[in-house]
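A.B. asks: The chain contents come next:
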Amino acid sequence: MNFKQNSEDTLRVIIVGHVDHGKSTLIGKLLSDLNQIQEEKINDIKKICKTRGLKFEWAFLLDALKTERDQGITIDTTQIFFRSDRRNYVFIDAPGHKEFLKNMITGATSAQLAILIIDGLEGIQEQTKRHVFLLSLLGIKDVIVVINKMDLINYDKNKFADLEAQISKYLKSINIKITAIIPISAWNGDNIVRKKTLRWYKGKVLLEVLDQFKDNAVDHGMPLRFVVQDIYKISEKRILVGRVESGKLKKKSKYVISPSNTKVSIKSFEIWPKSTKNEYVTGECIGLELNEKIFVEKGNVLSEITRSPSLTNTFEARIFWFSNQRLRINKKYKIKINTTDYEIIFSKIKKIINIDDLTEKKNDDVEKNNVADVLIDSESILCIDNFELVNNTGKFSVIDQFEVVGGGVVKSASKSELIDSHIRINENVKSEDFFVNEIDRVLKVGHRPGILWLTGLSGSGKSTIAKEVEKKLFLKGYNIFSLDGDNLRQGLNRDLDFMPESRVENIRRTAEVASLFVSAGFIVLISLISPYKVDRNKARAIRPEVFKEIFIKASIEECEKRDVKGLYAKARSGRIKNFTGITAPYEEPNKPELIIDTEKNGILECSKMLEKFVEKEFGKK
Amino acid sequence: MDHLTKLENESIFILRQAYSSIKNIAMLWSLGKDSNVMVWLAFKAFLGKIPFPLVHVDTKKKFKEMYAFRDKYEKLWNLNLILGDCPPISKIDPSLPPAARSAARKTEGLKKILNEKKFKGIIAGIRRDEQNTRAKERFFSPRDETGKWDVKNQPAELWNSFNTEYPSNVHLRIHPLLSWTEIDIWRYIKRENIPIVDLYFAQNGKRYRSLGDKDITKPVESNASTLDEIIKELQNTKTSERSGRLMDKEEENIFEKLRSKGYM
Ligand SMILES: Nc1nc2c(ncn2[C@@H]2O[C@H](COP(=O)(O)OP(=O)(O)O)[C@@H](O)[C@H]2O)c(=O)[nH]1
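Residue numbers (my numbering), protein chains in the order written: chain V, 6 to 626; chain A, 259 to 522.
Rather than coming from a laboratory, the hints here were simulated on the basis of the structure.
The reader is advised that the hints may include incorrect statements.
Claimed, not checked - Cβ pair distances, simulated, as ranges:
| # | chain 1 | residue 1 | chain 2 | residue 2 | range |
| --- | --- | --- | --- | --- | --- |
| 1 | V | LYS617 | A | MET259 | 46 to 56 Å |
| 2 | A | PRO309 | V | GLU604 | 50 to 60 Å |
| 3 | A | GLU374 | V | ASP362 | 36 to 46 Å |
| 4 | A | THR404 | V | GLU365 | 37 to 47 Å |
| 5 | V | THR311 | A | MET259 | 22 to 32 Å |
| 6 | V | LYS356 | A | ASP486 | 54 to 64 Å |
| 7 | A | ILE489 | V | LEU203 | 50 to 60 Å |
| 8 | A | ASP486 | V | LYS207 | 41 to 51 Å |
| 9 | A | THR404 | V | LYS51 | 34 to 44 Å |
Think of the CB as a built atom: it goes at the ideal place given N, C-alpha and C, for glycine as much as any other residue.
When you get a sec, could you build the whole thing from the sequences and use the hints?
C.D. replies: Right, dumping it as structure tokens:
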């Protein structure tokens with residue numbers, strides 16, 4: 006086949022395999038056969054081997070650190086640059102030792118293709134499997150297998166076929182596509198650049214396979230994800246800078262910003278020295294100005310209206326762990342995703358895969374070098390995707406204090422339980438319809454708008470706390486308003502009774518009113534029993550970015566004892582039907598943003614808690 | 259997307275990420291070709307105005323052409339330039355070989371300005387292909403107050419997610435050009451028409467491939483007097499870029515030694 010030289014193209018290849026199976030020798034030989042090792046380097050290696058009394062070892066080309074040379078192990082990944090007639094290459098040499106897993110993964114996350122090297126004499130070893138398993142997890146789907154040291158097994162066809170069968174079966178089981186399997190001798194340079202005449206192998210040599218490899222990570226038809234990295238204010242313009250992580254961004258289209266679910270359009274692209282295009286594609290870092298003056302933050306995602314990311318604060322992930330400390334359930338960690346940090350907890354470990362032997366375990370601790378499926382809860386709403394669907398917005402690293410302790414990919418970000426999946430466009434903040442818009446109001450009052458949804462049994466203390474906090478924050482200059490379920494029922498919701506369908510409608514209307522208040526720049530306190538999870542989740546979906554669920558907690562016994570309005574007595578005697586806690590259920594929130602226990606704390610303490618929370622979440626920073 | 263555009267975007271992403279997550283940050287401007295490319299990328303990242311200072315740690319032993327270049331472009335590019343000075347050679351570890359000792363002065367100069375200005379991030383234009391130990395660098399590389407590089411325990415850097423949370427005695431070295439090679443730099447200089455010091459172009463059969471201090475940098479044999487000729491020369495060369503740097507040859511691990519003490 007004939008390929009045009011295209012020196013512009015670069016392929017990033019990671020090379021993995023068990024220790025001593027010949028990675029360094031392969032790289033050294035490849036470079037030297039391509040005539041690309043500087044003479045001074047070869048001389049350096051000769052000198053180094055001589056002072057150490059060794060035969061010529063290519064490992065010294067790559068192992069740059071003194072300890073690496075002295076101990077004969079690769080500690081950290083290194084990258085080697087070279088070129089063939091066809092294209093440029095970056096080879097990433099990853100350490101084989103398991104202590105240096107994090108370095109191997111660091112190298113692998115930037116690769117497009119992998120070469121797996123297997124010693125023909127020793128066959129498949131522990132790290133052979135471990136490495137490719139991790140590659141598959143990291144999203145590398147193409148692997149070239151080379152069976153090395155064929156010179157030591159007399160270029161034996163049967164031994165090769167045996168290994169071929171074994172490794173093919175394994176790679177297939179972990180969903181990896183084999184680009185080619187090649188018998189080589191790195192030491193002799195057989196089937197690397199130069200063909201070795203073998204009666205039984207008529208395939209390509211390694212260099213041909215590399216040169217002809219096409220990265221299939223095509224972006225055609227992928228949904229748009231533009232992740233906001235920062236906001237610059239340059240001469241009156243508010244410019245959102247960020248990178249197109251997937252799909253295409255076009256000047257003319259209508260988009261939606263998540264998580265606020267606001268419809269937007271692009272006024273101009275901001276590029277230095279000037280923008281010359283009407284369309285930007287995956288990988289491009291750009292700036293843009295929107296027509297709408299809306300609230301946007303780092304980590305927000307711009308997408309097509311019908312194909313937006315998942316908005317959720319709970320999701321399942323597959324993680325890898327390389328900290329010496331085991332993972333702790335319910336401890337606060339941070340994840341870094343879409344250029345931003347989010348506080349999270351791991352709420353559940355579903356299963357653990359020990360990558361040393363690939364056995365699976367349930368109900369166990371996640372320790373160093375484990376891979377695990379976990380559930381993650383975040384404090385704020387994340388805009389993420391399943392890794393399988395949109396790579397770039399579905400991968401993250403985990404940080405504990407000052408250390409990167411692991412990383413992972415989003416397995417399932419479906420949020421059916423939490424947030425309505427169909428996107429809702431917030432028509433209330435379209436600036437072409439209104440003279441004053443949300444952002445202006447925010448700038449004027451100096452705090453952000455928000456919804457504090459107080460749920461809890463009748464008599465738990467919702468209204469009392471709300472009134473207290475409203476007063477306090479009003480005096481501090483906040484635009485704050487308290488919406489009370491009982492009051493609403495006397496006006497707007499007068500037509501509704503207490504049957505489940507009416508409760509749904511009651512909540513819907515209340516949430517819509519709250520949303521209007523938010524558009525007006527207010528913080529709204531809502532006191533509403535709202536006993537059903539599904540309804541509260543619907544309320545959340547209307548303005549997920551500012552919605553905070555506050556569980557006002559008190560036992561039914563305590564509330565009945567308080568019975569401020571005499572309602573429990575009436576319910577007991579049957580004079581009120583469908584009374585929450587007595588004749589109708591109350592579903593406690595799973596993961597409220599805040600729990601205020603009014604049995605354990607006095608009313609002042611409780612109000613203080615909420616007041617602080619509001620200031621932290623929405624107040625001036 | 260072509261190769262240079264990919265590199266350009268990666269660098270812009272890194273620069274923006276550094277600026278948005280590190281408070282007190284500055285960029286090293288050594289006046290060489292790489293750091294001019296870096297300044298150019300900063301113009302792209304920040305849309306025409308660099309929002310942090312540039313630092314030139316001046317050994318006072320640079321070529322006069324370099325000083326002239328600095329003065330011209332400080333004005334033309336409207337840079338917020340801070341000059342740092344270096345201690346006299348007598349204050350530097352005498353056990354080092356001569357050229358390395360001279361290079362170590364710059365490290366001390368850098369540490370001094372870091373301490374004075376309390377920078378939490380320093381953007382430096384090193385590349386992986388320059389030198390074996392630089393090939394192991396991270397994009398965001400933490401150093402303690404002594405500038406020590408703990409190469410055996412570098413942080414994981416997954417995808418483009420960079421950790422910027424460290425204890426207060428730590429500063430970060432940010433390396434936006436890490437993935438570039440020498441020839442990429444030249445092709446980009448040509449594509450973008452980026453100004454560089456004339457010393458890179460051959461005169462009387464010699465040119466500088468890399469610019470350091472006058473006394474420890476030597477020109478290489480070359481007739482390449484235009485950008486195209488330089489690019490062509492590099493396509494065929496087998497000698498390394500730093501071959502004109504004397505310190506690299508003094509000891510097997512001299513570079514590692516200097517770097518572990520805070521050299522770039
Ligand atoms: N006979 C023979 N020896 C080899 C071959 N490839 C590598 N070796 C030797 O195997 C040893 C380990 O190789 P090296 O490349 O350092 O392995 P790495 O740990 O995977 O980088 C060295 O002593 C090499 O010289 C080969 O194809 N044939």
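A.B. asks: Hint by hint, say whether it matches the structure.
C.D. replies: We went through each hint and held it up to the structure:
1. V:LYS617 <-> A:MET259: 46 to 56 Å: Roughly 48 Å apart at Cβ, these two residues keep to the hinted range, so it holds.
2. A:PRO309 <-> V:GLU604: 50 to 60 Å: 52 Å, holds
3. A:GLU374 <-> V:ASP362: 36 to 46 Å: About 54 Å separates the Cβ atoms of GLU374 of chain A and ASP362 of chain V, which means 36 to 46 Å is violated.
4. A:THR404 <-> V:GLU365: 37 to 47 Å: 46 Å, holds
5. V:THR311 <-> A:MET259: 22 to 32 Å: 26 Å, holds
6. V:LYS356 <-> A:ASP486: 54 to 64 Å: Taking Cβ atoms as reference, LYS356 of chain V and ASP486 of chain A lie about 59 Å apart, which means the hint holds.
7. A:ILE489 <-> V:LEU203: 50 to 60 Å: 40 Å, violated
8. A:ASP486 <-> V:LYS207: 41 to 51 Å: 43 Å, holds
9. A:THR404 <-> V:LYS51: 34 to 44 Å: Cβ of THR404 of chain A to Cβ of LYS51 of chain V: about 35 Å, so the range 34 to 44 Å holds.
Checked against the numbered hints above, the structure breaks hints 3, 7 and satisfies the rest.
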